[in-house]
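Position in the sequence shown (from 1) plus 287 gives the number in my numbering.
Honestly, the hints are just simulated from the structure, not real lab data. Predicted, not measured: the structure shown is a model, and the values here were computed from it. Built from N, CA and C at the ideal position, the CB exists for glycine as well. It is possible that part of the hints are untrue.
Quick list of in silico lysine-lysine cross-link-like pairs, BS3-like style, CA-CA up to 25 Å [claimed, not checked]: (1) LYS423 with LYS409; (2) LYS571 with LYS409; (3) LYS394 with LYS409; (4) LYS537 with LYS314; (5) LYS328 with LYS423; (6) LYS394 with LYS328; (7) LYS571 with LYS394; (8) LYS320 with LYS423; (9) LYS347 with LYS314; (10) LYS328 with LYS314; (11) LYS537 with LYS347; (12) LYS328 with LYS316; (13) LYS537 with LYS465; (14) LYS423 with LYS314; (15) LYS465 with LYS316; (16) LYS409 with LYS328; (17) LYS321 with LYS394; (18) LYS571 with LYS416; (19) LYS409 with LYS320; (20) LYS314 with LYS394; (21) LYS394 with LYS320; (22) LYS409 with LYS321; (23) LYS409 with LYS314; (24) LYS316 with LYS409; (25) LYS423 with LYS394; (26) LYS465 with LYS347.
Taking CB as the label site, the calculated pair distances span [to be verified]: (27) GLU300 with PHE390: 21 to 29 Å; (28) ASP392 with VAL308: 36 to 44 Å; (29) ASP511 with THR552: 43 to 51 Å; (30) LEU464 with SER395: 35 to 43 Å; (31) LYS320 with GLU342: 14 to 22 Å; (32) ASP343 with MET554: 19 to 27 Å.
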Amino acid sequence: MEPEYSTTGLSVEGLHILPEVLHAGLKLKDLGKKSIQLLLKKRQLLRDTPLDIPEDMERKGLASSVMATLVFAQEEAGTAVCISPNGILLTCSHCIAETVDDFDDSKSHWLLFASGQVVEAKALAWDDKRDLALLKITSAQQPPPPSGPTSSSSSSSSSPHSGSFSFVTLSPSPPALKARLICVGHPGSEDFEAAVPGTKTDYNVLHLSTGTFRGCAEGQDPQDNSEIGALMHSCWTYWGHSGAPLVDRKTGTLVGLHSSWDDETGMRRGVAWEAISGFLGENKRYL
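All chains, full assembly: derive it from the sequences and hints.
Given below as structure tokens:
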């Protein structure tokens, strides 16, 4: 697929540039016609309803920490976050494969940045115990021109117009108890709590919620999130939020990923900083 416009924006080595104009008749690897139509719909909605970034994060130049969030193109497929300027993505392992037999590192995964920028990614690493996976962007559209509140961000190293992707960095240490968090995730389109099956939600493609870090579950190994995430937080989430970044609102750094919730208490759960740090340490050759 050849680019239909100038390729002077992104300058990531080995990256294939996707055309700016995408249509339902395109053939995208491992993505069916229905999913392509859904991708195009999500792209338009993301462009029409930009995220409302908290004013304090805008003021501190931390907007890119929010704009580093991606949604998977498929229905109810989850959320991811970019953690490096050259397009390394972090998500929950169950967002790309439920079991090791289902995992296929040759498969293409199609996602959209919060800006609406479409990318293709391939899996690099998968850890079902930690519930974490790494992907690498292999193809991407040029980022759209800056508009709205995000254009005022002063964080040049992570600007989507500096020749790289918007990204968030991992915090150098775990969050303090009751640290203020933001969570940016992709709530599903079907209301699973409604009395009538198939009832649609009216949520935006991406939803930003705020809350606090509530520590890790007592007695649970933070490296084992295979049944339920060890991290506890109070940010609002919904089906589709799996893989959503939990960002320290003060520093704009990544401190966890949302992954699940406790059916008995309603507490939102996630993959803790300790598990992410260990996983990235084991896979630092990709970073």
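These are the hints, each one checked on the structure:
1. LYS423 with LYS409: 5 Å, holds
2. LYS571 with LYS409: 17 Å, holds
3. LYS394 with LYS409: 6 Å, holds
4. LYS537 with LYS314: 43 Å, violated
5. LYS328 with LYS423: Distance of about 24 Å is within 25 Å: holds.
6. LYS394 with LYS328: Holds: LYS394 and LYS328 sit about 22 Å apart, inside 25 Å.
7. LYS571 with LYS394: 22 Å, holds
8. LYS320 with LYS423: 24 Å, holds
9. LYS347 with LYS314: 41 Å, violated
10. LYS328 with LYS314: 16 Å, holds
11. LYS537 with LYS347: 9 Å, holds
12. LYS328 with LYS316: 18 Å, holds
13. LYS537 with LYS465: 12 Å, holds
14. LYS423 with LYS314: 21 Å, holds
15. LYS465 with LYS316: Measuring from Cα to Cα gives roughly 43 Å; hence the hint is violated.
16. LYS409 with LYS328: Cα-Cα ~23 Å, so holds.
17. LYS321 with LYS394: Distance of about 18 Å is within 25 Å: holds.
18. LYS571 with LYS416: 18 Å, holds
19. LYS409 with LYS320: 20 Å, holds
20. LYS314 with LYS394: 15 Å, holds
21. LYS394 with LYS320: 17 Å, holds
22. LYS409 with LYS321: 21 Å, holds
23. LYS409 with LYS314: 17 Å, holds
24. LYS316 with LYS409: 11 Å, holds
25. LYS423 with LYS394: Distance of about 12 Å is within 25 Å: holds.
26. LYS465 with LYS347: The given pair, whose Cα atoms are some 21 Å apart, holds under the 25 Å limit.
27. GLU300 with PHE390: 21 to 29 Å: 26 Å, holds
28. ASP392 with VAL308: 36 to 44 Å: 30 Å, violated
29. ASP511 with THR552: 43 to 51 Å: Distance hint for ASP511, THR552 is violated at roughly 19 Å.
30. LEU464 with SER395: 35 to 43 Å: 40 Å, holds
31. LYS320 with GLU342: 14 to 22 Å: About 41 Å separates the Cβ atoms of LYS320 and GLU342, which means 14 to 22 Å is violated.
32. ASP343 with MET554: 19 to 27 Å: 26 Å, holds
Of the numbered hints given earlier, the model fails hints 4, 9, 15, 28, 29, 31; all others are met.
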